[in-house]
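> Protein sequences, first through last, are from chains A and B. Per the numbering used here, the first sequence starts with residue 1, numbered consecutively. Per the numbering used here, the second sequence starts with residue 114, numbered consecutively.
Hints listed in this document are in silico derivations from the structure and should not be mistaken for laboratory results. Check the hints yourself; a few may be wrong.
[Stated by the list, open to error] Below, simulated DSS-like cross-link-like pairs (lysine-lysine); rule was C-alpha separation at most 25 Å, straight line:
id, chain 1, residue 1, chain 2, residue 2
1, B, Lys179, A, Lys100
2, A, Lys100, B, Lys218
3, B, Lys218, A, Lys51
4, B, Lys133, B, Lys168
5, B, Lys177, A, Lys100
6, B, Lys168, B, Lys218
7, B, Lys179, B, Lys168
8, B, Lys154, A, Lys100
9, A, Lys51, A, Lys70
10, B, Lys177, B, Lys127
11, B, Lys127, B, Lys168
12, A, Lys70, B, Lys218
13, A, Lys70, A, Lys100
14, A, Lys100, B, Lys168
15, B, Lys177, B, Lys133
16, B, Lys133, B, Lys179
17, B, Lys179, B, Lys218
[Said to hold, decoys possible] Negatives, chain A to chain B, calculated, CB over 12 Å:
id, residue
18, Gln6
19, Val19
20, Thr31
21, Val44
22, Arg60
23, Leu61
[Unchecked claim] Chain B side only, calculated, beta carbon under 8 Å to chain A, not exhaustive:
id, residue
24, Val116
25, Gln119
26, Glu135
27, Phe141
28, Phe152
29, Leu157
30, Lys218
31, Gly222
32, Ser223
33, Gly224
Even glycine gets a Cβ: it sits at the ideal position worked out from N, Cα and C.
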Amino acid sequence: GQQLNQSPQSMFIQEGEDVSMNCTSSSIFNTWLWYKQDPGEGPVLLIALYKAGELTSNGRLTAQFGITRKDSFLNISASIPSDVGIYFCAGLPGYSSASKIIFGSGTRLSIRP
Amino acid sequence: GAVVSQHPSWVICKSGTSVKIECRSLDFQATTMFWYRQFPKQSLMLMATSNEGSKATYEQGVEKDKFLINHASLTLSTLTVTSAHPEDSSFYICSAPLAGANNEKLFFGSGTQLSVL
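Whole structure, please, built from the sequences with the hints as guidance.
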């Protein structure tokens, strides 16, 4: 079946650093969603992307819908302690039927001691 | 964004008892809701799709008699874990889609941590 490869699996950041993570697939997606999950909480939607090449920002977060429609990137600029958590990408192969949504394995962001 | 409310946040129960988890869309109607299970340090695994007015659709390997789903109204879906056992201990999350003109977003509840003793 369709799979999303999300990388990196985990990363340590220092406050103030920029962060990049991405998701790739061998299949085409028509929607990309990026979520953040804090411990013991449900995922919170950060950014939604609907068109190939689309670049969308939400504060210090910027996400892009890859031109090939097989990948997406999330960047966080000037990281702060509250950015710590797990980030999930999710892809929708169609324009609806959210049941078909596929999740990446997550990127765990931690603060470097 | 849209709000999905999930209760309880956590529950501890004895083996053999049943536990009900509620998922409500607070400011929009959801004819469909989704139930996920998440193990520590892993991604979300879809268990079933809850459909208002009809039977739920279960993913392969999920026991429908074990995980009873009821979509009582356009804003409420419930998941009942029947005769719970320790291996049912997990983090359960619901979600509901909010459709736009040519797009769709998926909003999640805050999750329920189930611990079966």
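> Tell me, which hint numbers fail for this structure?
11, 17, 18, 20, 21, 24, 26, 27, 28
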